[in-house]
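Per this note's numbering, the sequence shown starts with residue 1, numbered consecutively.
Worth flagging that the hints you see were computed from the coordinates, not collected in a lab.
Just so you know, not all the hints are guaranteed correct.
As the list claims (entries may be wrong) - In silico SDA-like pairs for lysine to any residue, Cα to Cα no more than 20 Å straight-line:
#1 LYS260 / ALA209
#2 LYS425 / LYS395
#3 LYS354 / PRO387
#4 LYS260 / GLY327
#5 LYS170 / ASP128
#6 LYS354 / ASN48
#7 LYS357 / GLN62
#8 LYS170 / SER106
#9 LYS170 / THR57
#10 LYS296 / ASP266
#11 LYS395 / ASN368
#12 LYS296 / GLY306
#13 LYS357 / GLU337
#14 LYS354 / LYS425
#15 LYS233 / GLN279
#16 LYS435 / ALA69
#17 LYS45 / ASN368
#18 LYS294 / ASP313
To be verified - Label pairs and their in silico Cβ distance ranges:
#19 GLN279 / GLY325: 34 to 42 Å
#20 LYS395 / THR242: 51 to 59 Å
#21 GLU417 / ASN462: 18 to 26 Å
#22 ASP266 / THR246: 17 to 25 Å
#23 ALA247 / ASN277: 18 to 26 Å
#24 LYS435 / GLY325: 40 to 48 Å
#25 GLY201 / THR246: 21 to 29 Å
#26 THR246 / PRO137: 35 to 43 Å
#27 THR153 / THR246: 44 to 52 Å
#28 GLU460 / SER154: 27 to 35 Å
#29 LYS425 / PRO405: 37 to 45 Å
#30 ARG54 / PRO434: 34 to 42 Å
#31 LEU436 / LEU213: 20 to 28 Å
#32 PRO405 / THR153: 38 to 46 Å
Backbone N, C-alpha and C define an ideal beta-carbon position, used for all residues, glycine too.
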Amino acid sequence: HAHTIAPVLDHPLLEGRRLYSIHIKNMAFRIRQSKYRHIYADQPKVDNCWTGFRLCTATGEQQYIKASAKYFAVSLAGGGGPVAICSVDQPGRFEPGTSPILGGHSGNVLDFDWNPFDDSMIATGSADCSIKVWSIPDDWAPIDSGGNAKGGTSIDESKALIELTGHRKKVTLVRFHPTASYVLASTSADLTIKVWDVESGEEISTCDAHGDLIQDFVWDHNGEKIASSCKDKNVRIINPRTGEVTATIEKAHDGSKSVKVYFVGDDSSHLVSVGFNKQSSREIKLWNLDDLSKPKETLKLDSASGAFVPLYDYDTKVLYLAGKGDGNIRYFEIDVEADKAPYIHALSEFRSTKPGKGYCTLPKRGLNIMDCETARILKLTPGAIEPLSFTVPRKSDAFQDDIFPDTNSLTPAHSAEEWVSGSAKEPVKTSLNPKLAKNNNGASSGGMKKPSSLKVQLAEANARIRYLEDKLKAASIDF
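Sequences are here, hints too, so could you generate the full structure?
Put into structure tokens, the structure is as follows:
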């Protein structure tokens with residue numbers, strides 16, 4: 001029998017199969033382990049979406065939609081720069097003319113940002129060259145619990161907490177500081193990036209080193225650096241306290257279309273840029289801030305034409321890439337600590353045929369943690385706003401601490417004044433475990449007062465001091 005079997009084992013087809021099975025076994029050992037490998041999102045039901053918006057037609061580099069853990073905002077068509085503000089928990093039909101709006105500018109609102117320490121405070125940047133800061137009232141509800149439009153009092157310009165003026169042309173992007181209270185950065189068609197103390201209304205710094213339109217800018221995780229991308233193809237690292245450029249990546253991407261940037265890694269030691277190569281293919285590049293002479297890794301993606309909106313989750317190290325005009329959202333895990341490339345690992349993608357105009361994520365505090373929802377992306381389409389819930393499949397009902405590390409809390413690490421003076425602090429963290437979480441519900445901090453009311457308080461305090469000093473003098477007491 002031995003003689004008859006031996007020749008069969010030597011058959012080239014069987015040998016090929018044997019080698020292939022060894023190859024597959026070796027591959028199996030090399031598959032990278034990741035807790036987020038099976039993240040998925042389903043297309044939401046129509047009942048869970050928001051409809052009825054007549055969207056502003058102004059185009060630009062902005063995301064078009066942004067959310068706090070409580071509300072989201074989108075710009076609407078019409079005079080006075082109207083903005084729709086809706087509760088993230090109450091889907092339904094918004095009705096222009098019935099539902100209340102925020103309308104306090106004389107030009108379109110091009111971008112806005114929510115205060116990371118107050119889910120009801122929003123800054124708006126407008127084509128009228130100004131930035132205004134607003135507080136949304138606690139009873140704000142443009143859509144009722146049945147999903148129908150509800151009337152109410154709109155917010156007009158008299159309700160602005162403060163107006164920041166200093167840009168000479170339209171304000172295109174605004175971003176709150178991630179760790180200091182009431183610090184905001186903005187950019188404008190006047191080619192500057194300004195950093196503001198929102199409470200005093202004063203400028204902290206201006207960066208005027210850009211020779212062309214600024215396409216994007218972003219704070220690092222603790223607000224010590226700003227990275228910007230520009231039509232001149234250079235990416236700049238900026239000291240936000242002084243406005244000085246501290247490093248430059250010349251020609252980060254060869255293509256002429258928009259480049260977006262994001263700091264990644266635990267300590268913002270790396271930068272991701274997404275743009276286009278010479279052949280107009282979309283690509284991701286990973287840069288180590290210690291050596292910006294060449295990218296640490298380049299990943300070519302596809303040849304679609306829309307600029308990417310990168311949404312990075314510092315807690316899970318997952319980068320969600322959604323292209324303007326794309327239906328799909330793909331996601332990658334970025335491991336800057338790995339010994340060698342690849343550092344960018346494709347996880348999967350959410351597929352849809354509906355093109356998106358804008359995208360944003362909700363803060364972790366707004367997620368259904370016990371359903372293992374690790375991200376929620378609001379996708380703005382021409383007809384609706386869709387909530388995409390990204391979930392890690394788990395069978396247990398317990399809190400999953402391995403996929404929900406502590407996240408940024410509603411407590412600022414320092415004041416604007418302390419930060420300007422050089423204070424550098426990590427974000428204050430909070431547990432996402434519902435049993436341990438404190439003050440994660442985004443209750444309005446109610447902290448910021450209008451400068452006019454501060455002047456009144458100061459005048460009252462000074463009058464009181466004079467009165468008390470007179471009393472002390474009358475009693476012959478030294479002070």
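Comparing the hints with the structure gives:
no.	hint	verdict
1	LYS260 / ALA209	18 Å, holds
2	LYS425 / LYS395	38 Å, violated
3	LYS354 / PRO387	13 Å, holds
4	LYS260 / GLY327	19 Å, holds
5	LYS170 / ASP128	6 Å, holds
6	LYS354 / ASN48	16 Å, holds
7	LYS357 / GLN62	10 Å, holds
8	LYS170 / SER106	11 Å, holds
9	LYS170 / THR57	15 Å, holds
10	LYS296 / ASP266	17 Å, holds
11	LYS395 / ASN368	15 Å, holds
12	LYS296 / GLY306	24 Å, violated
13	LYS357 / GLU337	34 Å, violated
14	LYS354 / LYS425	42 Å, violated
15	LYS233 / GLN279	15 Å, holds
16	LYS435 / ALA69	18 Å, holds
17	LYS45 / ASN368	17 Å, holds
18	LYS294 / ASP313	25 Å, violated
19	GLN279 / GLY325: 34 to 42 Å	19 Å, violated
20	LYS395 / THR242: 51 to 59 Å	52 Å, holds
21	GLU417 / ASN462: 18 to 26 Å	21 Å, holds
22	ASP266 / THR246: 17 to 25 Å	21 Å, holds
23	ALA247 / ASN277: 18 to 26 Å	22 Å, holds
24	LYS435 / GLY325: 40 to 48 Å	43 Å, holds
25	GLY201 / THR246: 21 to 29 Å	27 Å, holds
26	THR246 / PRO137: 35 to 43 Å	42 Å, holds
27	THR153 / THR246: 44 to 52 Å	47 Å, holds
28	GLU460 / SER154: 27 to 35 Å	32 Å, holds
29	LYS425 / PRO405: 37 to 45 Å	18 Å, violated
30	ARG54 / PRO434: 34 to 42 Å	38 Å, holds
31	LEU436 / LEU213: 20 to 28 Å	46 Å, violated
32	PRO405 / THR153: 38 to 46 Å	41 Å, holds
Hint compliance for this structure: hints 2, 12, 13, 14, 18, 19, 29 and 31 are broken, all remaining hints hold.
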